[in-house]
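Let the sequences and hints guide you as you build the complete structure.
Protein chains: 4
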Amino acid sequence: MIRVTVWNEFYHETVNEEVRKIYPEGIHGAIKAFLSEEEDFTVRAVTMSDPEFGLSEEILNSTDVLIWWAHVKHGEVPDAVAARVKERVLKGMGFIGLHSAHLCKPFTMLMGTSCGLRWRDNDRERIWNVNPSHPIAKGIGDYFELDHEEMYGEYFDIPVPEDIIFLGWFKGGEVFRSGCTFRRGYGKIFYFQPGHEEHPTYYNPNVQKIIKNAVRWTAPVNTRAAIDSPWAESPEKLLAEK
Amino acid sequence: MIRVTVWNEFYHETVNEEVRKIYPEGIHGAIKAFLSEEEDFTVRAVTMSDPEFGLSEEILNSTDVLIWWAHVKHGEVPDAVAARVKERVLKGMGFIGLHSAHLCKPFTMLMGTSCGLRWRDNDRERIWNVNPSHPIAKGIGDYFELDHEEMYGEYFDIPVPEDIIFLGWFKGGEVFRSGCTFRRGYGKIFYFQPGHEEHPTYYNPNVQKIIKNAVRWTAPVNTRAAIDSPWAESPEKLLAEK
Amino acid sequence: MIRVTVWNEFYHETVNEEVRKIYPEGIHGAIKAFLSEEEDFTVRAVTMSDPEFGLSEEILNSTDVLIWWAHVKHGEVPDAVAARVKERVLKGMGFIGLHSAHLCKPFTMLMGTSCGLRWRDNDRERIWNVNPSHPIAKGIGDYFELDHEEMYGEYFDIPVPEDIIFLGWFKGGEVFRSGCTFRRGYGKIFYFQPGHEEHPTYYNPNVQKIIKNAVRWTAPVNTRAAIDSPWAESPEKLLAEK
Amino acid sequence: MIRVTVWNEFYHETVNEEVRKIYPEGIHGAIKAFLSEEEDFTVRAVTMSDPEFGLSEEILNSTDVLIWWAHVKHGEVPDAVAARVKERVLKGMGFIGLHSAHLCKPFTMLMGTSCGLRWRDNDRERIWNVNPSHPIAKGIGDYFELDHEEMYGEYFDIPVPEDIIFLGWFKGGEVFRSGCTFRRGYGKIFYFQPGHEEHPTYYNPNVQKIIKNAVRWTAPVNTRAAIDSPWAESPEKLLAEK
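Chains as they are written, first to last, in this note's numbering: chain Y, 1 to 242; chain U, 1001 to 1242; chain F, 2001 to 2242; chain H, 3001 to 3242.
Keep in mind the hints are simulated off the structure, nothing from the lab. The beta carbon of each residue, even a glycine, is placed where N, CA and C say it ideally should be. Be aware that one or more of the hints could be misleading.
Over the 10 angstroms line for every Cβ pair with chain H, so calculated as not near, a few chain U residues [stated by the list, open to error]:
| # | residue |
| --- | --- |
| 1 | Glu1038 |
| 2 | Arg1044 |
| 3 | Pro1051 |
| 4 | Glu1052 |
| 5 | His1071 |
| 6 | Gly1075 |
| 7 | Pro1078 |
| 8 | Arg1120 |
Which bits of chain U does chain Y cover? Going by a derived footprint, with three or more residues having C-beta under 8 angstroms, they are [stated by the list, open to error]:
| # | segment |
| --- | --- |
| 9 | 1005-1018 |
| 10 | 1179-1189 |
Simulated restraints, written as ranges between beta carbons of each label pair [to be verified]:
| # | chain 1 | residue 1 | chain 2 | residue 2 | range |
| --- | --- | --- | --- | --- | --- |
| 11 | Y | Thr223 | H | Arg3124 | 47 to 55 angstroms |
| 12 | F | His2148 | U | Glu1037 | 45 to 53 angstroms |
| 13 | F | Asp2147 | Y | Glu198 | 31 to 39 angstroms |
Encoded structure:
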């Protein structure tokens, strides 16, 4: 069984009626629902309002793959919590960053770049599969479309991805490396661009299939209990301990 | 002209007579000396004892390529200074990490991993060129030897390098990805393993040639004045400003 | 000096009045003209009608970078000539494949794939720079446009490129890995998609800058006189010799 | 079920008593035996003496992963048969090249390089795991040893691998990229260096585990029935048809 934890900042759904209509159980609820269809997954959902921001040692230590959705609350996750997530990834936990998670602290700490990008509301996207032999592309055809999606465009300030699986085409004239993989330590990372809260993206069958594939791909292959470096848990933590 | 700044923690040379004999002007002095032979380089050397740890905005803003040597003083470089170096790399500055710089704060922040490794004193190394078409390998033959070098061995906890140029073979039974490149933002990074302070490694003609090649390769291609992300200067700084 | 040879099948310009108006000296002539502006290049142009298809041992042995333009005559280049080009690349010669050169024999032999793609006439392209630290992107902004260009779209059946520098966006809904690098042996390869014969693409300043950058990037770093393998010159040749 | 075909030139075992003692059922027999332990594999073994060199359309079309062992008979496999294997890989079949398969025709055609290397008989090898998050490294520790193995050393003339999973250290002073992955079209490729016929390498539990892992990793994710390119089946075949 792959133990999946879906983390959501859970903000828009509580303050915006339109968003609540689309995701009445929260975005985490919608993601949990379709992932729970799979027999090899055990799925739990947590939010920023839970104790320790939903990211206690206990929760992380019993998570094989962490899925992260966030948009405007990145700054409220304490550094120590973000460093804990990063450390767990280095030990083997998979990490799937969805949509605006490109700016969440664990992702930017793992990437080492600003992760900035170009953006604009309300565009039409066509997502091209440029890596058909990759397990995350299993069952995905040449391309699929999202009639409404927020435009995220290049230059996307990420390290050169190890694999680019999907390229996004936007009607307004932009392209984007929409599905990318990275590895850090023993952990595997997938970033997937679609999923603006104002659109029903997470009900799209291709999007669901891709996230399911990504759970299996990011699930740990080998793990380690400790990291042999004074800096393993981030320079910040080390400094704080002095 | 490529403006090179050589940064050294400058510690062993001040407390260890053996090291001082090898590097009477400091390791930074030795590196500055051979780099100064090149007509297209302007070279300056700074140390941790200089104002602002030798890494003021003024110095960084007039640096195209920063070379970093450090071993035991990593923790004394403040986070804010390390974040400044990282930001400058994201804007285009080249960064060359030598030997134990694998654990310096700017490098680990840029990598997103622990950068831990296996090590042992006093071994013999043979360095193999596995990437003869890479500019950093220009003029380097199939392999060269270092009779005395500290062993650094796998598993080296770095992200998958974009290019592996040199592989180290150690008599005691280890291998190492001894020369690796990475890119972060507009900046290029080269890590090069040889250079223990107790051995005259930086007088080796192949080592000198490689570092010269690396200066030219990491020199900025394009630069940017600003980074379009709230996190650009590291989550830590942002948090601190709140 | 970098010795550049521009190779052109030189067919459309001889039979199509519209194409001849755009490229009165042939596409090879236009490319030679702008490359000749550079002081560090020596440029010569050859065509398929020249002795030995313009690719004699003598010509190849005095070429540092070979630029290849072809569209419909791929099959007329004999295997032995294509194998000679491939062998020279493995020894260090740079190779720049322009537009329909994706299907030329030397390129497909070097790639090991079909190099097939999706295509359609007459579209508008916007070319995005997704790799600003790469030497081939030097001086190229976030993007530039070609008002008229043939659409080449994904899935492009190439090996995963070592670097993707440019992504093409087409008005009709496609994306393309428009500027890609590969290495084979001691040789470096750049494929660049724009350049349909019916459009004045090779007069575009960004296109010219990119090809100039690519010449410098693909120029040999190290070379070798021989290749240590019975198969070096292609299985076909070996078989023929039996 | 993953349908595995083990192909062996089956020569040394028939003429060399020492080799026959180690592999009384042939190397293909030994590989088939341990792969058959896995419940998700269906395994068949073929040799060069079988009709159509053991590589008929029927056999290839019912193969998900082809494992290739060969040493001295590469030249006897006709080009047309090698092109058929290559085409099947481009359509999705996995390919595992063992030991001297680095010089077999399908592999060199897929790589586009000479695949030459340095070699010497009778050395001791230590194989380091430098990619612990890769599925092919599942269950493999930091390193393992082979007391007797043929030395294969750098420079190995392959394209830059997409992933390097294992690095070989040889007592005599060489290193080697011993476990590498590549993709061509819809197919995935793994090259694994150990396996000289005079040593009992294929009885080593780590070697067996790695080959089992590689079968699962190279098994097709998506497949295609046709390849959209005139060159799909190799330039040679096309020419021959003219």
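Now the hints, each set against the structure:
Every Cβ of chain H is farther than 10 angstroms from the Cβ of U:Glu1038; the closest lies at roughly 27 angstroms, confirming the non-interface assignment. With a minimum CB-CB distance of about 35 angstroms to chain H, U:Arg1044 clears the 10 angstroms threshold, and the non-interface call stands. Every C-beta of chain H lies more than 10 angstroms from that of U:Pro1051, the closest at about 41 angstroms, which supports listing it as non-interface. The beta carbon of U:Glu1052 is kept farther than 10 angstroms from every beta carbon of chain H, the shortest such distance being approximately 38 angstroms.
For U:His1071, the non-interface assignment is confirmed: its Cβ lies about 24 angstroms from the closest Cβ of chain H, beyond the 10 angstroms cut-off. Here U:Gly1075 stays apart from chain H, with its beta-carbon at least about 27 angstroms from theirs, past the 10 angstroms limit. Against the 10 angstroms criterion, U:Pro1078 stays outside the reach of chain H, whose nearest CB is about 33 angstroms from its own CB. Under the 10 angstroms C-beta cut-off, the non-interface status given to U:Arg1120 relative to chain H holds; the minimum distance is some 14 angstroms.
Figure legend: the segment 1005-1018 of chain U, annotated as covered by chain Y; annotation inconsistent (0 residues with Cβ-Cβ distances under 8 angstroms, at least 3 required). Note: the segment 1179-1189 of chain U has 4 residues with beta-carbon separation from chain Y under 8 angstroms; the three-residue rule is met and the coverage holds. Distance hint check: the CB atoms of Y:Thr223 and H:Arg3124 are about 30 angstroms apart, inconsistent with the given range 47 to 55 angstroms. For the pair F:His2148 and U:Glu1037, the beta carbons lie near 51 angstroms from each other, so the given range of 45 to 53 angstroms is met.
Restraint check, F:Asp2147 to Y:Glu198: a C-beta distance of roughly 34 angstroms satisfies the suggested window 31 to 39 angstroms.
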